[in-house]
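Visitor: Residue numbers (this note's numbering), protein chains in the order written: chain A, 35 to 254; chain B, 35 to 254.
Among the hints, erroneous ones may be present.
As a list, the in silico BS3-like pairs of lysine-lysine whose alpha-carbon atoms are at most 25 Å apart [stated by the list, open to error]:
| # | chain 1 | residue 1 | chain 2 | residue 2 |
| --- | --- | --- | --- | --- |
| 1 | B | Lys-207 | A | Lys-157 |
| 2 | B | Lys-185 | A | Lys-173 |
| 3 | A | Lys-185 | B | Lys-148 |
| 4 | B | Lys-185 | A | Lys-148 |
| 5 | B | Lys-157 | B | Lys-185 |
| 6 | A | Lys-50 | A | Lys-148 |
| 7 | A | Lys-207 | B | Lys-173 |
| 8 | B | Lys-148 | A | Lys-50 |
| 9 | B | Lys-185 | B | Lys-173 |
| 10 | A | Lys-185 | A | Lys-148 |
| 11 | A | Lys-109 | A | Lys-185 |
| 12 | A | Lys-50 | B | Lys-173 |
| 13 | A | Lys-148 | A | Lys-109 |
| 14 | A | Lys-50 | A | Lys-173 |
| 15 | B | Lys-210 | A | Lys-185 |
With the C-beta cut set under 8 Å, the calculated list includes, among others, these residues of chain A facing chain B [to be verified]:
| # | residue |
| --- | --- |
| 16 | Ala-60 |
| 17 | Tyr-64 |
| 18 | Ile-93 |
| 19 | Gln-96 |
| 20 | Val-129 |
| 21 | Met-134 |
| 22 | Val-144 |
| 23 | His-162 |
| 24 | Tyr-176 |
| 25 | Val-203 |
| 26 | Ala-214 |
| 27 | Ala-239 |
| 28 | Pro-244 |
No lab work stands behind these hints: they were computed from the structure.
Cβ coordinates follow ideal geometry from the N, Cα and C atoms, glycine included.
Protein chains: 2
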Amino acid sequence: MARTRDQAPSARATVKQTAARADYEAETVYAIIDQALVGTVSIAMDGQPFALPMMVARIDDQIYLHGSRTSRIIKHLTAGNEVCVAFTIIDGIVVARSGMNCSANYRSVVVHGKGTAVEGAEKAELLHQITYTIIPGSKGDYREHLPEELKATSLIRIPLNEAASKVRVGGPKDDKDDVALPHWAGVIPLTHVYGEPLPAADLPAGIETPEYALKFPLKN
Amino acid sequence: MARTRDQAPSARATVKQTAARADYEAETVYAIIDQALVGTVSIAMDGQPFALPMMVARIDDQIYLHGSRTSRIIKHLTAGNEVCVAFTIIDGIVVARSGMNCSANYRSVVVHGKGTAVEGAEKAELLHQITYTIIPGSKGDYREHLPEELKATSLIRIPLNEAASKVRVGGPKDDKDDVALPHWAGVIPLTHVYGEPLPAADLPAGIETPEYALKFPLKN
């Protein structure tokens, strides 16, 4: 993916509403997906929409999701059907002088594409990489996958060549005539804060909390 | 909506994967939607899934979303087609002794249903109510809607009679044999914190920051 900010990759990936907020550059798309960690995975089945939040990891210009081989969505994606994955981070509530101009500051990405099931040694290796991507710096702090785990789990790869981000920042955009009204206007910022790690109740004595947990998320 | 925790409202609303985490009670569903503020709205159009994050307000046993009358999703919902709306709040990263048992603590709701376009005086009144719902305690701090705003904006109502929540809490659930391994395990909690309100750059002098912004979100 190497496009300019305004260069949409396809018709369906083009942001239509408030198009000035659209951004198709990889750097923006990657940063939002990487922070979001969870995406809403949507499919169309028998003409009906189904959506489910799932953990999603980005590696290079692909995203990966995994789940039980028996899951409805995973089976649908393994069969090569279309998928849409949406990521959203809310950064604040925008209060305007009119209800219609109230809004939210947010960063979102919508990905359109088809999934591919990854199998064999590549799957086992990528399932580790996904964990290190979601929990940066934790490499090596896990046991090896078991054959029955690999058998029960499907890994789906979706390319990011049809991804678009949309970002709203800043204060309210009120109608010119409204600015003098005696109503408060501004932004209530929302931040997402990782706190002090809580060791598992059954953690054996002597295992210290690692840096990757204390300073989550470490830069990869 | 008045069901017990285990009573799914329909086949498609029944949680299939890790069904023990499912909860169909209104109180749980309402609390998650009310905190999330933004839902991912998914539709199936010509066999393809389309998803978009939108601000969603819950009033009683319905959710409401609004948008430009010309928007693709709004037009699709106004025509009475199926919709799926997903809400997700992530509460932490769960680190296990194996990559496969790593997880996230989360609260999610998935709503299936059909939208109805609300029109006329009810629409104007509900559009105000939606603002007071998203920004509790702000009633009266806005100018009246303009006729051209009401004309350009569609309001869609979706009932919550087919809603299911799914909640994961607590520490890692490792395989029994893994507990003694020399790997750290636990939860890295994630909290969502509203900060000090930032007044708009063009706010006239003398307008104080209201309590609804200082203590966001006030209880309604």
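Visitor: Look at each hint and say if it fits the structure.
Guide: Now the hints, each set against the structure:
| no. | hint | in the structure |
| --- | --- | --- |
| 1 | B:Lys-207 - A:Lys-157 | holds, 23 Å |
| 2 | B:Lys-185 - A:Lys-173 | violated, 55 Å |
| 3 | A:Lys-185 - B:Lys-148 | violated, 38 Å |
| 4 | B:Lys-185 - A:Lys-148 | violated, 38 Å |
| 5 | B:Lys-157 - B:Lys-185 | holds, 10 Å |
| 6 | A:Lys-50 - A:Lys-148 | holds, 22 Å |
| 7 | A:Lys-207 - B:Lys-173 | holds, 20 Å |
| 8 | B:Lys-148 - A:Lys-50 | holds, 23 Å |
| 9 | B:Lys-185 - B:Lys-173 | holds, 22 Å |
| 10 | A:Lys-185 - A:Lys-148 | holds, 22 Å |
| 11 | A:Lys-109 - A:Lys-185 | holds, 14 Å |
| 12 | A:Lys-50 - B:Lys-173 | violated, 32 Å |
| 13 | A:Lys-148 - A:Lys-109 | holds, 13 Å |
| 14 | A:Lys-50 - A:Lys-173 | violated, 41 Å |
| 15 | B:Lys-210 - A:Lys-185 | holds, 20 Å |
| 16 | Ala-60 | violated, 20 Å |
| 17 | Tyr-64 | violated, 18 Å |
| 18 | Ile-93 | violated, 14 Å |
| 19 | Gln-96 | violated, 18 Å |
| 20 | Val-129 | holds, 6 Å |
| 21 | Met-134 | holds, 5 Å |
| 22 | Val-144 | holds, 6 Å |
| 23 | His-162 | holds, 6 Å |
| 24 | Tyr-176 | holds, 5 Å |
| 25 | Val-203 | violated, 12 Å |
| 26 | Ala-214 | holds, 6 Å |
| 27 | Ala-239 | violated, 12 Å |
| 28 | Pro-244 | holds, 5 Å |
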